[in-house]
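Student: Take a look at the letters that make up each chain.
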Amino acid sequence: MATVAERVKAVTARVLRVPPEDIRPEHSFTEDLGAESVQSIELVAMFEEEFGIEMDEDAALSVETVGAAVKFITNVCKEQGVDVEE
Amino acid sequence: MGKAKKSHPLADATRPNLLEDVFPHTLPPLIRLNGPIIERIDGKPVEFDVSDIKSRPIFISDTTFRDGQQSLPPYTIDQMVHIYDLLSRLGGPNGVVRQTEFFLYTKNDRATLDKCRELGHKYPECTGWIRAVKGDFRLVKEMGLKETGMLTSCSDYHVFQKLKFASRKACIDSYCEVVAAAFEAGVRPRCHLEDITRADIEGFVLPFIDRLMEMSEQVPEELSVKIRLCDTMGFGISYPGAQLPRSIPKLIYKLNRECGVPSDRLEWHGHNDFHKVHINGSTAWLYGCDVVNTTLFGFGERTGNPPLEGAIFEYIALKGDTCGIDTLVITELAEYMRSIGLPIPENYPFAGRGFNTTRAGIHAGGLRQDERIYNIFDTEKLLGRPPRVAITDKSGADGVAHWLNEFFGLKGEDRINKIKVHKLARWVIDQYDEEGRLTAISDKELEAKAREFYPEYWKKYRQA
Numbered sequence: 001m002a003t004v005a006e007r008v009k010a011v012t013a014r015v016l017r018v019p020p021e022d023i024r025p026e027h028s029f030t031e032d033l034g035a036e037s038v039q040s041i042e043l044v045a046m047f048e049e050e051f052g053i054e055m056d057e058d059a060a061l062s063v064e065t066v067g068a069a070v071k072f073i074t075n076v077c078k079e080q081g082v083d084v085e086e
Numbered sequence: 001m002g003k004a005k006k007s008h009p010l011a012d013a014t015r016p017n018l019l020e021d022v023f024p025h026t027l028p029p030l031i032r033l034n035g036p037i038i039e040r041i042d043g044k045p046v047e048f049d050v051s052d053i054k055s056r057p058i059f060i061s062d063t064t065f066r067d068g069q070q071s072l073p074p075y076t077i078d079q080m081v082h083i084y085d086l087l088s089r090l091g092g093p094n095g096v097v098r099q100t101e102f103f104l105y106t107k108n109d110r111a112t113l114d115k116c117r118e119l120g121h122k123y124p125e126c127t128g129w130i131r132a133v134k135g136d137f138r139l140v141k142e143m144g145l146k147e148t149g150m151l152t153s154c155s156d157y158h159v160f161q162k163l164k165f166a167s168r169k170a171c172i173d174s175y176c177e178v179v180a181a182a183f184e185a186g187v188r189p190r191c192h193l194e195d196i197t198r199a200d201i202e203g204f205v206l207p208f209i210d211r212l213m214e215m216s217e218q219v220p221e222e223l224s225v226k227i228r229l230c231d232t233m234g235f236g237i238s239y240p241g242a243q244l245p246r247s248i249p250k251l252i253y254k255l256n257r258e259c260g261v262p263s264d265r266l267e268w269h270g271h272n273d274f275h276k277v278h279i280n281g282s283t284a285w286l287y288g289c290d291v292v293n294t295t296l297f298g299f300g301e302r303t304g305n306p307p308l309e310g311a312i313f314e315y316i317a318l319k320g321d322t323c324g325i326d327t328l329v330i331t332e333l334a335e336y337m338r339s340i341g342l343p344i345p346e347n348y349p350f351a352g353r354g355f356n357t358t359r360a361g362i363h364a365g366g367l368r369q370d371e372r373i374y375n376i377f378d379t380e381k382l383l384g385r386p387p388r389v390a391i392t393d394k395s396g397a398d399g400v401a402h403w404l405n406e407f408f409g410l411k412g413e414d415r416i417n418k419i420k421v422h423k424l425a426r427w428v429i430d431q432y433d434e435e436g437r438l439t440a441i442s443d444k445e446l447e448a449k450a451r452e453f454y455p456e457y458w459k460k461y462r463q464a
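Protein chains in written order, with this note's numbering: chain A, 1 to 86; chain B, 1 to 464.
Possibly wrong hints are sitting among the right ones.
Pairs of lysine-lysine residues, derived as DSS-like cross-links and limited to a Cα-Cα distance of at most 30 Å, are as follows [as the list claims (entries may be wrong)]:
{"hint": "1", "chain 1": "B", "residue 1": "K162", "chain 2": "B", "residue 2": "K141"}
{"hint": "2", "chain 1": "A", "residue 1": "K78", "chain 2": "B", "residue 2": "K3"}
{"hint": "3", "chain 1": "B", "residue 1": "K54", "chain 2": "B", "residue 2": "K107"}
{"hint": "4", "chain 1": "B", "residue 1": "K444", "chain 2": "B", "residue 2": "K381"}
{"hint": "5", "chain 1": "B", "residue 1": "K423", "chain 2": "A", "residue 2": "K71"}
{"hint": "6", "chain 1": "B", "residue 1": "K134", "chain 2": "B", "residue 2": "K107"}
I should point out that these hints are in silico values taken from the structure, not numbers from a laboratory.
Taking the hints into account, I'd like the entire structure generated from these sequences.
Tutor: Spelled out as structure tokens, the structure:
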């Protein structure tokens, strides 16, 4: 099973149309990866779909970097009883 | 740059002060006046106690069927009767919309008046409108009206250039003959002082008013002359310091306090040629004129008259209470006007289809958090019109979410959040980025997409 970080990277690459190998944990979704307003929403929606979770809208949209997203999603998965590979 | 004269310490707070005593949201923003206003007249300071407006019996009168019709194709009898019925409901049992005036010249004019009166409404009272011709009182009398307006134009543009009187005295004599005829017929004359804002006030208007007041002393109170100050060309100025004849405060002062015309016999009639029509009407109220003459949606000669619905909200804002007014009727009237082919601009206050529609995504975001941020008052409660978001490339997910929630009628916890609207938001963006669209997206298109993307909501909230 792929790790949370790998799955976050794959979703990010697909939604933002960037090569997965170019994505680093410290990258900001908006400034480094060029996410526009609607793409930020799509990212959150796709993360929810990928992990089978529901995230708080404002909290999820305030996450800025890929690494922070990995941590945030890992925590939500734990809270909602979803098994993931860390 | 001047040196600061006073320091202003920050009143730090961790909770918002939304100034709800002035912005109650359930009513239009209230107008709080400190008063008195000081105006220099004839070299002396004169006080106007504007704070008495809450207790003064001010009213709105209507000329939708007279001046309002001069700029439009004529209404049918049935249309006028329906509008009259709605005007009555709008003004409520206290008669805030106190009077409306009718032409009396054609068979249709008279049939309309009869049918309106058959409805049995107390308000608006029906009055007439005639030329300053003695013979015309026959019409007023035959129709059993207690009051009629009559043209008594007062600028030299009218007295000499239009009406061709040999002198001002000849003009006043002629007008006064007609006023005497009105008294004889038992009809209260309402003298329409046309073009007063470019008349010789001291040399013509005040001597004429003095004569009218003298004549009024000879008749019972209910026949005494009313005065309508007609700003025929929209030249009136509202602010203190303006000179006669354009100064509304000074005009009202001269008639009210120098000539002694009581406030309840003074009425302001404006035109919008300089975009001042509404505020000029409100100014007349404040300075001592009890009645402001209006038309629905401002329809009227050339640029129009004070909009009745604007006066309604001004009235509520000044009084701090709806006073029996049914503001929802404004929306009904707007729909009716549109249905009979009278256009109301999209962005027209209170009645245009888009008056409370935002197109900016950032505003839609504000609306989503708290409607009060970008809605002037509770437009759903007062007008049956919740705030709306028009969808364009600038709407963002906030705008799309607002539209979708309003469409499904979802409130509070039931609202669809921004994350869940991503499919529709993506479709909207692609319309512009991928399809090269340049127009706003219609409700019909959005409805089709809402059905496609959110079938479970459609089933629950649209098919129920």
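Student: Can you name, in rising order, the numbers of the hints this structure does not satisfy?
Tutor: 2 and 3
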